[in-house]
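Based on the sequences and whatever the hints tell you, model everything.
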Amino acid sequence: MTALFRSVPVLVILFALCVQPAAAEKSLTLMTHDSFNVSKEVLAGFEKEHGVKVRILKAGDAGAALIQAILSRENPMADLFFGVDNTFFSRAIKGDIFRPYNSPLLAKIPAELQLDKQHRLLPVDYGDVCLNYDKQWFRQHDLLPPSSLDDLVLPAYRGLTVVQNPATSSPGMAFLLATVGKYGEDDFIAYWKKLRNNDVLVTGGWEDAYFGHFTAASKGDRPIVVSYASSPPAAVYYAEKELAEAPTAAVVTAGSAFRQIEFAGILKNTQNGPLAEKFIDFMLSRSFQEDIPLKMFVFPSNSEATLPEVFVKHAKVAEDPATVSPDAIEMNREKWIEAWTEAVLR
Amino acid sequence: MVLRRPVIRWLLFSLPLLFLAVFYFFPLSRIIGLSLSQDGGLQTTVLQKLFGSGTYGKILWFSIWQAALSTILTLVFALPGAYVFAKYSFRGKAVFQALMTVPFVMPTVVTAAAFRALLGQNGLVNHWSMSMFGLSEPVIDIDQTIVFFLLAHIFYNYTLVVRMVSSFWSTIDHKVVAAARMLGASPMAAFRTVTLPLLMPAIGSAALLVFTFCFTSFGVILILGGPRFSTLEVEIYRQTVQLFNLPMAATLAIIQLVFNFLLMWLHARLAKRTKVSFFAGDVSNTQSDPESAAKRSFAFFNLSFMILLLATPLIALIIRSFSGEDGFTLLYYTTLFTRDDTSLLMVEPIASVKNSILFGFGAMSIALSLGLLAATFLSDNSGKNIAFWDAVIMLPLATSAVTLGFGYIVALNKPPVNLRDSLLLVPLAHALVAFPFVVRCLLPSLRQIPADLREAATLLGASPFRVWRLIDIPLLRKAILVAAIFAFAISMGEFGASAFVARPHTPTMPVAIFRFLSHPGSLNYGQAMAMSTILMVVTCISFWLAEKLEARLADTRYVK
Numbered sequence: 001m002t003a004l005f006r007s008v009p010v011l012v013i014l015f016a017l018c019v020q021p022a023a024a025e026k027s028l029t030l031m032t033h034d035s036f037n038v039s040k041e042v043l044a045g046f047e048k049e050h051g052v053k054v055r056i057l058k059a060g061d062a063g064a065a066l067i068q069a070i071l072s073r074e075n076p077m078a079d080l081f082f083g084v085d086n087t088f089f090s091r092a093i094k095g096d097i098f099r100p101y102n103s104p105l106l107a108k109i110p111a112e113l114q115l116d117k118q119h120r121l122l123p124v125d126y127g128d129v130c131l132n133y134d135k136q137w138f139r140q141h142d143l144l145p146p147s148s149l150d151d152l153v154l155p156a157y158r159g160l161t162v163v164q165n166p167a168t169s170s171p172g173m174a175f176l177l178a179t180v181g182k183y184g185e186d187d188f189i190a191y192w193k194k195l196r197n198n199d200v201l202v203t204g205g206w207e208d209a210y211f212g213h214f215t216a217a218s219k220g221d222r223p224i225v226v227s228y229a230s231s232p233p234a235a236v237y238y239a240e241k242e243l244a245e246a247p248t249a250a251v252v253t254a255g256s257a258f259r260q261i262e263f264a265g266i267l268k269n270t271q272n273g274p275l276a277e278k279f280i281d282f283m284l285s286r287s288f289q290e291d292i293p294l295k296m297f298v299f300p301s302n303s304e305a306t307l308p309e310v311f312v313k314h315a316k317v318a319e320d321p322a323t324v325s326p327d328a329i330e331m332n333r334e335k336w337i338e339a340w341t342e343a344v345l346r
Numbered sequence: 001m002v003l004r005r006p007v008i009r010w011l012l013f014s015l016p017l018l019f020l021a022v023f024y025f026f027p028l029s030r031i032i033g034l035s036l037s038q039d040g041g042l043q044t045t046v047l048q049k050l051f052g053s054g055t056y057g058k059i060l061w062f063s064i065w066q067a068a069l070s071t072i073l074t075l076v077f078a079l080p081g082a083y084v085f086a087k088y089s090f091r092g093k094a095v096f097q098a099l100m101t102v103p104f105v106m107p108t109v110v111t112a113a114a115f116r117a118l119l120g121q122n123g124l125v126n127h128w129s130m131s132m133f134g135l136s137e138p139v140i141d142i143d144q145t146i147v148f149f150l151l152a153h154i155f156y157n158y159t160l161v162v163r164m165v166s167s168f169w170s171t172i173d174h175k176v177v178a179a180a181r182m183l184g185a186s187p188m189a190a191f192r193t194v195t196l197p198l199l200m201p202a203i204g205s206a207a208l209l210v211f212t213f214c215f216t217s218f219g220v221i222l223i224l225g226g227p228r229f230s231t232l233e234v235e236i237y238r239q240t241v242q243l244f245n246l247p248m249a250a251t252l253a254i255i256q257l258v259f260n261f262l263l264m265w266l267h268a269r270l271a272k273r274t275k276v277s278f279f280a281g282d283v284s285n286t287q288s289d290p291e292s293a294a295k296r297s298f299a300f301f302n303l304s305f306m307i308l309l310l311a312t313p314l315i316a317l318i319i320r321s322f323s324g325e326d327g328f329t330l331l332y333y334t335t336l337f338t339r340d341d342t343s344l345l346m347v348e349p350i351a352s353v354k355n356s357i358l359f360g361f362g363a364m365s366i367a368l369s370l371g372l373l374a375a376t377f378l379s380d381n382s383g384k385n386i387a388f389w390d391a392v393i394m395l396p397l398a399t400s401a402v403t404l405g406f407g408y409i410v411a412l413n414k415p416p417v418n419l420r421d422s423l424l425l426v427p428l429a430h431a432l433v434a435f436p437f438v439v440r441c442l443l444p445s446l447r448q449i450p451a452d453l454r455e456a457a458t459l460l461g462a463s464p465f466r467v468w469r470l471i472d473i474p475l476l477r478k479a480i481l482v483a484a485i486f487a488f489a490i491s492m493g494e495f496g497a498s499a500f501v502a503r504p505h506t507p508t509m510p511v512a513i514f515r516f517l518s519h520p521g522s523l524n525y526g527q528a529m530a531m532s533t534i535l536m537v538v539t540c541i542s543f544w545l546a547e548k549l550e551a552r553l554a555d556t557r558y559v560k
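Chains A and B, in that order, give the protein sequences. Per UniProt numbering, residue 1 is the first one in the first sequence, and the count goes up by one each step. Per UniProt numbering, residue 1 is the first one in the second sequence, and the count goes up by one each step.
Source of the hints: derived by calculation from the structure; they are not laboratory data. Any given hint could be a false lead.
[Unchecked claim] Short derived list, chain B residues pointing at chain A, Cβ under 10 Å:
hint, residue
1, A112
2, G123
3, D143
Every residue, glycine too, gets a C-beta built ideally from N, C-alpha and C.
Written as structure tokens, this is what we have:
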């Protein structure tokens, strides 16, 4: 044992040497949340073109990553940030950590995605949070699948739905906003009370709702789950064998989804301004945009990007998503969550 | 020049203290200071809300009672197990011990999946009982209930109590108990009046750790308890990330710290007072085969319980990792070795095994070195304020992960300690959590070593270092092994800090599991189960090797 102890300091030093970052070279750091993903090859294309090493710093979930960027604004640990969505948009703007960049590629992005007229936050992708249902379950039980949020409170749908807690989950929050958008600020709580009486199940996070309770993904007991409109193509793409038809479907009728738009921005105190601008251009360019669907399972913001086949076949875009302005979200978040908690959990 | 003993002691202690100062107190005070000054500072509205509404009082009370209940239940179930492992030798003991530690490294989501596969509405038990007794309703419905998370807390902490107490128990002189029996005490009375008091230091240490873990429970409460339950730790996360109410989050973090500090201080004072020690010195001869039928059935019953509690959920998980849509499959495993278009990671998922092991060794080495130094310092009861320092060392365990994680981000960002995006941060963060653990494992055994043994050696001319090396270390071997195992396990299973600092190129196993579970698709779920199985196997093999190594070292020593 003593021999073992003598070797401890050596081990520590060896370990330190192993993990030391490579010798200084030109590098650009992107801070983001833990769901960020990009093809190695696509990223390598940018690195090669500009002779720079791109470092990706994942800093927890979307909310946690943004707070860290705000807290470290005086001495930022990155040059860019990706992953502010419209539910955190106002917080990010208020945090005053981004600087404007009017990318020429913004011309290719639909105006309704461009929430920041000063272009501090540029839209990179969007995804619709909505209900997903297990097609087979509804066939077997001879029940029509839900076609709107209204259906969930009908007696026939009692005990069929699982949603996420908006206080701990980002799709949960987005779904809460869908009900705010559809039923209005004064009446959405009445809807949730009805949903509660109809035996809705609430989980802490998406993983637990989808893989723990959804009948199409596990031995769950709920055939309706809150997820994304792009979840059905993901279920096909990550199936064990090729599927002709998606096992699940998304409810994208008018007013039953909430659109999450994800933005990227250049951090104010970066030393690498010009290069960071190039990286924003890269994120909005076709090579990155066309990589997005199969890496993060959301839709590219650039309207010129072609979608992969599995998206064309199985993905739907919400027809007329419920909208709540970022300012209203930031102002009322706490109030709405507390009202929701009171109505659904207590 | 000869250094005086207190000077040496403080020199020894300075290293752990420096570590805590740089990697704990500095980041923590920075983030709390920064948080309290956000949004115009700690306004009366925060305090009003805190004390005005009953919500936070309820959360604090819930954190306390569920932790206390979990601790009591764990002790009740685990102490008989500790007896079996301390007193009996049987075939496959090393394997059992290694297996027992596996739950400790399982990510919460995976544990939840395992328990649901077994006890969920459509789980195995319900399935069988419904078809066996022709029932139409599931018998067990414990999802999102208190029972479910209590069960999970026992699942996670059972091994902790068994290992800590049994390693200590085996060092107690069995002749003392024999003497009590000879003097007419019944086995029960002998246990109550002799063994139990002697065991108290180890039981107290283990109980304190279990309580702290359960008090700061996050994932278990969130997933298994459901959204109706909330500990302070959950609330701190909610206030920070969702509501961005940093002053409130910091205030709650301080409350959590103060409460646990007082508890740890109390524990340290009590532990210091129990100074009876009947040290066996020779550890090897106290274990025997269970001879009588009663003893054998007692051992059998305990091991069966262990398998039922710990192994069945995990076996359900392993089975799931080999069951594809058309029955048996290796697909979930083979896909872990490739990185193609469908890859959710930037490296082959299997590379995370290497990362986890490397980080685990790093964290273990740091925690063990610092823990040994600190425990040596604390074991000397003559020192002043020992209880205070003891409690200070325990603090990292009771600190909210999200608070400390943010603290690292805002504090360790400038030279001389610019570690913010260094990979070293992972083992350092893990070591911070493992370090108090190591101290708790070592301290009860270290305090037991009779002073006269050391004094005799010193009289014979041994230097303090030689005394430490030739007396303390060999006698501590078992405790060191347990400490090393748990330090490694903490690092292997840790997700919170890794999520904050992990890089896409160096995922750990838990990080990879979470990545798989972040997208729909049966392949992702299967790969998560396969990766969890690999995590179990790697853990199990490492610990089994550690047991073997320790046994070999023990043998060579006695041959000499």
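Next item on the list: Answer holds if the nearest beta-carbon of chain A is closer than 10 Å to that of B:G123; otherwise answer violated.
Entry: 7 Å, holds
Item checked: Hinted contact B:A112 with chain A - closest CB pair below 10 Å -> 6 Å, holds
Notebook entry, point to check: Hint check: is the beta carbon of B:D143 less than 10 Å from a beta carbon of chain A?
Noted result: Cβ of B:D143 sits 8 Å from chain A, so the hint holds.
The structure shown violates none of the earlier numbered hints.
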